[in-house]
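**Student:** Now for the letters of each chain:
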Amino acid sequence: MNFWLLLLVKVGLVLGVMMPGALVIIFGELKISAHMQSRIGPYFAGGRFGWAQPLADGLKFLQKEDLVPADADRTVYKLAPYVVLMGTLATFVIIPFSPDLVPRDLDLGVFYVLAVSSLSTLGVLMAGWSSANKYSLMGGLRAAAQLIAYELPLVLAVIGVAIQAGSLSLNDIVTAQASWQWFNVAPEWLNVISPFMILQVVGLTIFLIASLAELSRIPFDMPIAESELTMGYLTEYSGMRFTMFFLGEYAGLVSMAAIAATLFLGGYWVPGLDGDVLNFVGPVVLLSKVMIIAFLFIWLRWTFPRLREDQLQTLAWKWLIPAGLANILVTAFFRVVF
Amino acid sequence: MSDWITHPENWAFALIALPMLLAAFRAVTSRNVVHSVLYLVVALAATAALFLLLGAEFVAWSVVLVYIGAVVVLFLFGIMITRAPLGMETELSHSNQTKIGAALVSGALFALVTVATVRGFGEEEIVANPTRTGEIGQSMFERFVIPFEVVSVVLLAALIGGIVLARRDPVEGDEALQ
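Chains as they are written, first to last, in my numbering: chain C, 282 to 619; chain P, 25 to 202.
In short, the hints are calculated from the structure, not lab data. Just so we're clear, the structure is a prediction, and the values are computed from it rather than from any experiment. A few of these clues could be false.
[To be verified] Cβ pair distances, simulated, as ranges:
id	chain 1	residue 1	chain 2	residue 2	range
1	C	K341	P	Q121	52 to 60 Å
2	C	D381	P	V142	52 to 60 Å
3	C	R355	P	F134	31 to 39 Å
4	C	F615	P	L189	25 to 33 Å
5	C	P603	P	A36	40 to 48 Å
6	C	K341	P	A181	28 to 36 Å
7	P	A190	C	P586	24 to 32 Å
8	C	D381	P	W28	52 to 60 Å
9	C	D386	P	A94	23 to 31 Å
10	P	V188	C	R589	24 to 32 Å
11	C	G520	P	N120	39 to 47 Å
12	P	E147	C	Y363	38 to 46 Å
[To be verified] Stretches of chain P that chain C covers, calculated by requiring three or more beta carbons in the stretch to come under 8 Å of a beta carbon on chain C:
id	region
13	27-35
14	75-89
15	97-105
Note that beta-carbon positions come from the ideal geometry of N, C-alpha and C, so glycine has one too.
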């Protein structure tokens with residue numbers, strides 16, 4: 282019984298972090314876009330500072346009719362949002378919020394994250410095909426091609442970190458960053474403790490670019506390019522099911538940012554603190570790092586134009602993957618030699 | 025039989041294996057290609073769950089990553105890009121000859137695997153201990169390093185073969201390829 286109670290608490294905790302996190306980031310996106318592009322709508326509308334805007338959006342979506350196209354494959358069409366959301370939510374299982382506050386510290390760690398997040402691709406393809414709409418199908422195909430292409434650099438960037446930390450478990454990776462000494466050959470004054478964002482700066486860059494593409498956010502939003510595909514694989518979705526995709530997108534942003542923060546920015550760890558203090562401060566530290574990365578994602582979204590499909594594939598296959606392989610080679614070399 | 029019922033892992037096994045069998049059956053009998061692939065996903069996910077039940081976490085999540093995340097997605101991609109039946113058309117049908125052949129081959133394969141497994145382990149009781157990922161890596165790169173490298177050469181050959189088949193160098197005067 283105790284096990285099930287604990288499980289329930291953990292599920293509640295993950296939902297309690299994910300839902301408000303997604304709402305906060307939607308709010309942040311509205312405000313930041315308003316500031317960056319002088320969009321006066323989100324700037325003034327919706328209560329003081331526009332706090333009511335995301336809530337109003339949510340309520341609007343909820344009361345809309347849940348339409349299913351006549352030609353659609355009903356079962357697959359209805360299941361698709363769940364599959365997408367499942368892949369996203371499952372990644373929260375292993376994110377360490379503090380040394381003791383981990384829903385489940387798997388021995389596999391990041392490998393598990395990569396495995397479950399690949400489920401979302403399946404959901405996107407299901408949505409694209411079952412809608413019985415050519416825009417949806419094209420969007421689904423583009424999404425699949427993009428997600429397959431960018432999953433490889435993502436994995437390669439993670440491998441560099443895993444080699445450096447000597448472990449796949451996220452908790453161990455954080456500990457490794459808290460106690461990391463620069464390669465032993467360095468002079469004494471260089472033996473400073475540093476998160477992997479400095480040593481793995483190539484990995485961090487690749488990871489951030491690839492995760493933007495995995496999230497289909499604007500420099501990489503060919504799958505839902507409004508001007509040519511209406512809304513891509515989301516075209517036919519409305520009401521509750523559209524909300525699930527929408528929330529899933531922002532929950533995905535939170536989980537990607539949390540993983541990036543854990544792998545590269547030291548997760549819940551801050552210099553100078555240890556043990557019990559970290560157990561209390563940890564979640565706040567992790568969430569602040571998540572917010573920094575989320576801000577970066579939003580900033581990039583409102584700054585860059587959309588990449589063309591061929592540019593997008595070229596970037597992945599000709600630049601990111603070779604760079605990731607070289608990064609692994611160099612990291613492994615230093616790890617073995619020194 | 026009462027012995028069987030008292031073990032919770034047997035119940036878990038039944039709970040996973042029955043949907044798996046059903047999904048595997050539907051994967052070959054379904055008339056819609058995309059549905060077949062989706063049933064295959066259920067069967068593969070159940071396979072991963074069975075591995076989890078045995079404590080083989082790494083193998084389980086490899087199944088999810090490689091089979092569901094890559095192979096099945098490529099299946100779907102290929103089907104959709106070539107002959108996606110938008111909507112609810114039924115179009116798959118096989119002659120009886122194909123069906124009998126397929127049933128014979130799969131029956132023979134099942135018999136082969138069963139005999140090999142029973143012969144291999146015999147009466148020996150197997151205790152399912154969780155395997156740590158590190159141990160798998162150790163044995164793969166120490167004891168099995170040569171087979172591992174050979175497999176990677178096979179994959180490389182397949183990759184080159186794929187490129188050779190797919191690539192068409194532009195021919196002089198061929199407007200369509202310029």
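**Student:** Where does the structure disagree with the numbered hints, that is, which hint numbers, in rising order?
**Tutor:** 2, 4, 6, 8, 13
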